[in-house]
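Build out the structure end to end from the sequences listed, making use of the hints.
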Amino acid sequence: MGGFATVLLVIGINIVLAVSLTVVNGFTGQFSMGHGGFMAVGGYVAAMIVYYGSLRLWGSANFAGGFLSSASGDGAWLAGGDVLFVVACLAAGLAAAGAGYLVGLPSLRLKGDYLAIVTLGFGEIVRVVLQGTAPQIARSKADVVRETPVWKLATHLGGAQGFNLLPTYATLFWIYFAAVLTLIVVYRLKMSSSGRAFLSIREDEIASQAMGVNVTKYKVRAFVLSSFFAGVAGGLYAMYLGAINATDLGFQRSFEVIIMVVLGGMGSISGATLAAILLSILPEVLRAPPPVWPAGLALLVVMVIIQKVGISFGLTRGPADGIVLNIAISMRSLRRSWKFKPLVIVAGVTMALETARLVCLQQQIDIAQYRMVLYALMLIIMMIVRPEGLFGVREFWDYLPRRRAHSPSGPVAEASA
Amino acid sequence: MTAPAPNSSAAPLLDVSGIAISFGGLKAVQNFSLQLPRGSLQGLIGPNGAGKTTVFNLLTGVYQPQAGSITLDGQALRGLKPHQIAAAGLSRTFQNIRLFGDLSVLDNVRVACHLRGSHSLAGTLLRTPRYVGQERAMTERARELLALFSLADRQDEHACNLPYGDQRRLEIVRAIATEPKILLLDEPAAGMNPQEKKALADLIRTIRDRFGLTILLIEHDMGLVMEICERITVLDYGIIIKNGTPREVQTCPDVIAAYLGGASEMKGTETRR
Ligand SMILES: Nc1ncnc2c1ncn2[C@@H]1O[C@H](COP(=O)(O)OP(=O)(O)OP(=O)(O)O)[C@@H](O)[C@H]1O
Ligand SMILES: [Mg+2]
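Protein sequences, first through last, are from chains A and B.
The first sequence begins at -7 in my numbering and counts up by one.
The second sequence begins at 468 in my numbering and counts up by one.
Simulated from the structure, these hints should not be mistaken for laboratory data.
A portion of the hints provided could be inaccurate.
With a Cα cut of at most 27 angstroms, we get these calculated DSSO-like pairs of lysine-lysine [what the hints assert, rightly or not]: (1) A:Lys209 - B:Lys548; (2) B:Lys548 - B:Lys494; (3) B:Lys494 - B:Lys709; (4) A:Lys209 - B:Lys648; (5) B:Lys648 - B:Lys665; (6) B:Lys648 - B:Lys548.
Residues from chain A that keep clear of chain B, each with C-beta distances beyond 12 angstroms, as calculated [said to hold, decoys possible]: (7) Asp135; (8) His148; (9) Ala235; (10) Ile269; (11) Arg349.
Only a predicted model underlies this, so the values are computations on that prediction, with no experimental measurement involved.
Virtual Cβ for every residue (Gly too), placed ideally from N, Cα, C.
This is the structure we're talking about:
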């Protein structure tokens, strides 16, 4: 499989993760740091079902899928292996949701940041427990697998070596099927009455209660739903890599997803999706960083044109309080003197990035290894420049010009359509 | 029990008896009792820090009373959670405005409509006709309420961008949207100009009649309170010092002393802070 296809797969899985975490961290304003943990629970459950299930059913853990699951593209549309895989992913989601319920119920009753601490602890416990499991039963020992009771199989999860040699069912089709499903579910939720209840909790918990929202119930609901999709994502992840190792699904993984949600805007589905796409591509870009200066130069030229030729772009309030992109050739800006500050900033940033790139090339430093540092920096800059994230709570289309001058508000029209 | 005879033996809609709370050593509210007949409009006044807002917090379950009982229409409220109390029919506004700032004006009201609907996850995700119908009805109702408070043309704005007076009125709309039996208003006129206050007084009477509400009103503007309230309870240092008609309250020496002690004026349109 080519590098491009791999990136697409990673993007799909990250969309599922980021959009599902949006429900907790974005909608209800809770802070969960356990998404990696829920992903691990789901991933291992799916791996176990597919691997041991295949051995029990067919005596072999080889790929047994149809057209939709195969990279080579032959065979029937669906085969037994696919069914097993889909069942495994659903079970993964349910297991993670169950874990989410168990973790969430006690901690969501508490106020403040307890949830962050509890979920952080949960993620680490999951990791340690999984790493302490017994070795995987080899593929050649189908009869041993058949004789071992299911509960005992669940202790043979590969330990520190991870769960390996899984048949890879998670193709672009399945991953994007899951991603689209997640998007639809979370979007419909956000636009619904329950979704508004979630958002009201984030806005003001006391007022939300006073308006009759059962805050604990809704927090747990959000948490369980979010964990479900994290579990599904774990299943997809295991079956795309053909292996899963709890070491890769620790705190760092949770943190990556949190960054996607924060960058996208706490509560914005399109923002989380965009951030998931960008942050999935970023490591690839860092592996072989392309020159920065052409983009920087182009930006400078555009800025000079805007300043000197007098084309102004701006966001203004439209008739129905929508924000309208206004492009006008204004005579006044012709007379305005140079604004050097933005030009200098763009030039400076371009030069700094370019220098960093050249130094890294020269010294053969792999920047991709410093990904986390970069993420942290991005977070810091974001918090200073635009604390509400790219889109805030809104979706990107809320920023586009309104089609009808006096339409009922977007979400309303949506809900009553 | 079914015949509501005002000011007589008929069971009051809200019956509060002897509720109390202290914060550490501070006895914020002591032995607070109150009977609200159905459809009444009662004032709750007192100098700053007298414990008025604390009474609201006790009634709505934000704080748990350390003594006493609260009965709404025969249902005991003490010990219930705030959302259960809202469901029982007690709704409130907040002195320090607590709107859902990043939500639209319409959504602020629709959150409150949520209480009287039923919300299954399956219905929401599959958009069943039942769900769509309920959602539409909810939106319709929210719009009607906003129109009644002339906020309809601001429904798409973020609540935090509304002018102050509109925010106060939106708080009232939101509280009414929960379909309460009793509405608790905590200084609804604070920060409003005289015209707005005048309009508000009319509005409070209108909504009482139109929605058949019983209203308990905290307000520092004596002109407003004396004008619209039928009875007034005066609180000072957490204790009720007077309970009577506006005229009785205005002439009560204890009340005048309490207000003079608090260095506030009793008569006329008072200016706070
Ligand atoms: N949660 C709390 N913890 C400690 N003290 C509190 C708490 N809530 C209220 N108090 C105290 O209780 C007293 C009554 O406060 P409350 O807010 O009820 O006064 P109020 O009558 O509403 O005054 P105002 O007119 O200024 O709104 C005050 O002394 C206040 O400091
Ligand atoms: Mg108060």
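Cross-check of the supplied hints:
Distance check on the hinted pair: Lys209 of chain A and Lys548 of chain B sit about 12 angstroms apart at the alpha-carbon level, within 27 angstroms; holds. A distance of roughly 23 angstroms separates the Cα atoms of Lys548 of chain B and Lys494 of chain B; the hinted pair therefore holds under the 27 angstroms criterion. Note on Lys494 of chain B and Lys709 of chain B: the hinted pairing holds, with a Cα-Cα distance of about 18 angstroms set against a maximum of 27 angstroms. Straight-line distance between C-alpha atoms of Lys209 of chain A and Lys648 of chain B comes to about 25 angstroms, which keeps the hinted pair within the 27 angstroms bound.
The suggested pairing of Lys648 of chain B with Lys665 of chain B holds, with an alpha-carbon distance near 24 angstroms, which does not exceed 27 angstroms. The suggested pairing of Lys648 of chain B with Lys548 of chain B holds, with an alpha-carbon distance near 17 angstroms, which does not exceed 27 angstroms. The beta carbon of Asp135 of chain A is kept farther than 12 angstroms from every beta carbon of chain B, the shortest such distance being approximately 43 angstroms. Its beta-carbon lying about 35 angstroms from the closest one in chain B, His148 of chain A satisfies the requirement of being farther than 12 angstroms from that chain.
Distance to chain B confirms Ala235 of chain A as a non-interface residue, since its nearest Cβ pair spans about 33 angstroms, more than 12 angstroms. The claim that Ile269 of chain A is not at the interface with chain B holds, since no C-beta of that chain comes within 12 angstroms of its own (minimum 24 angstroms). Separation of Arg349 of chain A from chain B is adequate, the least Cβ-Cβ distance of about 39 angstroms exceeding the 12 angstroms criterion.
Checked against the numbered hints above, the structure breaks none of them.
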